[in-house]
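**Q** The primary structure of each chain is shown beneath.
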Amino acid sequence: MRRLYSALKYVCAVALVISLIALVAVVAYVLINGVDKLSAELLFGDYKDTPSILPAFIGTLQLVGIAAVIAVPIGVASAIFLVEYTGNKGKFVKVVQVATETLAGIPSIVYGLFGYLIFVVAFGWGYSMLAGGITLAIMILPTIVRSTQESLLSVQGGLREGAYALGTSKVRTIFKIVLPSAAGGIVTAIILAIGRVVSESAVLLLTINMVVNKIPESLLSPGTSLALDIYYFASHGYPDEAAATAVVLLVFVMMLNLLAGFIGNLIRKNTYGDTK
Amino acid sequence: MNDLVEGCRMEGEYRIGGVDIFDKETDVNVLRKNVGMVFQKPNPFPMSIYDNIAFAPRTFGITKKSVLDEIVEGSLRRASIWDEVKDRLRKNALGMSGGQQQRLCIARSLAASPKVLLMDEPTSALDPISTGKIEELMEELKKDLTIVIVTHNMQQATRIADKTAFFLLGELVEYGNTDDIFISPKDERTERYITGRFG
Chain A
1 MRRLYSALKY
11 VCAVALVISL
21 IALVAVVAYV
31 LINGVDKLSA
41 ELLFGDYKDT
51 PSILPAFIGT
61 LQLVGIAAVI
71 AVPIGVASAI
81 FLVEYTGNKG
91 KFVKVVQVAT
101 ETLAGIPSIV
111 YGLFGYLIFV
121 VAFGWGYSML
131 AGGITLAIMI
141 LPTIVRSTQE
151 SLLSVQGGLR
161 EGAYALGTSK
171 VRTIFKIVLP
181 SAAGGIVTAI
191 ILAIGRVVSE
201 SAVLLLTINM
211 VVNKIPESLL
221 SPGTSLALDI
231 YYFASHGYPD
241 EAAATAVVLL
251 VFVMMLNLLA
261 GFIGNLIRKN
271 TYGDTK
Chain B
277 MNDLVEGCRM
287 EGEYRIGGVD
297 IFDKETDVNV
307 LRKNVGMVFQ
317 KPNPFPMSIY
327 DNIAFAPRTF
337 GITKKSVLDE
347 IVEGSLRRAS
357 IWDEVKDRLR
367 KNALGMSGGQ
377 QQRLCIARSL
387 AASPKVLLMD
397 EPTSALDPIS
407 TGKIEELMEE
417 LKKDLTIVIV
427 THNMQQATRI
437 ADKTAFFLLG
447 ELVEYGNTDD
457 IFISPKDERT
467 ERYITGRFG
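Residue numbers (the numbering used here), protein chains in the order written: chain A, 1 to 276; chain B, 277 to 475.
Hints are computed from structural coordinates only; laboratory data are not their basis. Keep in mind it's a predicted model, so treat the numbers as computed, not measured. Heads up, the beta-carbon is just placed ideally off N, CA and C, and yes, glycines get one too. Certain hints may be false.
To be verified - Partner residues are not named here, just some residues of chain A that face chain B (Cβ under 10 Å, in silico):
| id | residue |
| --- | --- |
| 1 | Ala-104 |
| 2 | Gly-105 |
| 3 | Pro-107 |
| 4 | Ser-154 |
| 5 | Tyr-164 |
| 6 | Ala-165 |
| 7 | Lys-176 |
| 8 | Pro-180 |
| 9 | Asn-270 |
What the hints assert, rightly or not - Straight-line distance between alpha carbons at most 30 Å, and here's what the computed DSS-like set of lysine-lysine pairs gives:
| id | chain 1 | residue 1 | chain 2 | residue 2 |
| --- | --- | --- | --- | --- |
| 10 | B | Lys-419 | B | Lys-409 |
| 11 | B | Lys-341 | A | Lys-170 |
| 12 | B | Lys-300 | B | Lys-340 |
| 13 | B | Lys-317 | A | Lys-170 |
| 14 | B | Lys-300 | B | Lys-341 |
| 15 | A | Lys-94 | A | Lys-37 |
| 16 | A | Lys-176 | A | Lys-37 |
| 17 | B | Lys-409 | B | Lys-317 |
| 18 | B | Lys-439 | B | Lys-362 |
| 19 | B | Lys-317 | A | Lys-176 |
| 20 | A | Lys-89 | A | Lys-176 |
| 21 | B | Lys-317 | B | Lys-462 |
| 22 | A | Lys-176 | B | Lys-300 |
| 23 | A | Lys-170 | B | Lys-340 |
| 24 | B | Lys-362 | A | Lys-269 |
| 25 | B | Lys-462 | A | Lys-176 |
| 26 | B | Lys-439 | A | Lys-269 |
| 27 | B | Lys-419 | B | Lys-317 |
| 28 | B | Lys-317 | A | Lys-89 |
| 29 | B | Lys-439 | A | Lys-176 |
| 30 | A | Lys-269 | B | Lys-340 |
| 31 | B | Lys-439 | A | Lys-170 |
| 32 | A | Lys-269 | B | Lys-367 |
| 33 | B | Lys-341 | B | Lys-367 |
Claimed, not checked - Every beta carbon over 12 Å from chain B, so not counted as near; a handful from chain A, in silico:
| id | residue |
| --- | --- |
| 34 | Leu-31 |
| 35 | Gly-157 |
| 36 | Gly-158 |
| 37 | Ala-163 |
| 38 | Leu-166 |
| 39 | Ile-177 |
| 40 | Ser-181 |
Using the sequences and the hints given, assemble the complete structure.
**A** If you want it as structure tokens, here you go:
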């Protein structure tokens, strides 16, 4: 029996090594192929004739902005309603739960198709940053609702009762006690959702149409994003530029993840203080 | 507060100072201000000691710093914890020990200037020394407000209570002066309970 246990340990260790190799291989491949193409020209150069990711960079920021402005308030407010006003139980909550979980699991191309049929075609906006941004907002909404819900539920029950016992109204309890306690988790969830927006490509192919050599004039113009540029460069004979763009995207996502951890910890520390 | 508890059942009338507390006309937030509550488990808010105490006065619209300072100091003094915390009012309340947290929660209730203080087994999560401090505190406080304490500790009841009520499975079995209840109980169930022959 004991031998079996120690064998399990080695099986797990081998599995870990395989995961690490896969991860390192991807990052290393991208870095090796991409770094020497990372020039000022690619980053900020004239995008009309030579490949440059400046339009993609601006496009990505626009998409993040639109998606966040729409999805964050709606998502957080929905979660507050579910947890604070319905007690997070009952049939209605159950239905919403199943719906958000299902929506979170739908392949993004399906969201893309929806955005294309509704915003691009039915609303007549054409391929546009606005159509892309709103579709992305819809895509990350379930994730934000779900993780905000979890953060609110993890606020110690006694705190709410403590506030009510002092004659505090529900609204004040939510804003002064519950949200500050849950803020760390909520902010982390939002930043990770933004990470999904940054790395999304399927939705954008169908909604903003990959116009790589033009900075969008308005929110109703088509455009591109970093992830789309990788696809464009790779399929138009610029594999090294694609890798270089991938480096930028990797750094971007990594920074977002670090930022998520950092801000989350900062808020947690601010709320819970030097308790250690 | 008990309407927040699931499966809670009530009979009879509940009056505090002549006001029916379950009357639709009664403002529940004013009621909760007048009736402070201390919970079994200390539940300080995750903020500074000062902000914890200032929370209730701020809720009722007091924003002037000098007034708040006064309330904070007064409440902490009444909860006899001022000397321990006066140098770290800006520190997070969660860094305090369990007993200190519980006295902070008492101070927080006092800051709303309640007329009645409900204490739901306030010492059951605390060590004997902290328990002693809280009992001393209750002796002090009961001079100017009514304290209703729930306890499973009969010695505690005899030490601090003037009047005792014995509840069994939600039914009020007996109520009277503490001495009478513990020395010559009228109901057989009370006697069996206080002599430890129950259940």
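**Q** Give me the numbers of the hints this structure contradicts, sorted from smallest to largest.
**A** Hint check: 1, 2, 3, 4, 12, 14, 15, 16, 18, 21, 25, 26, 29, 31, 35, 36, 37, 38, 39 and 40 fail, others pass.
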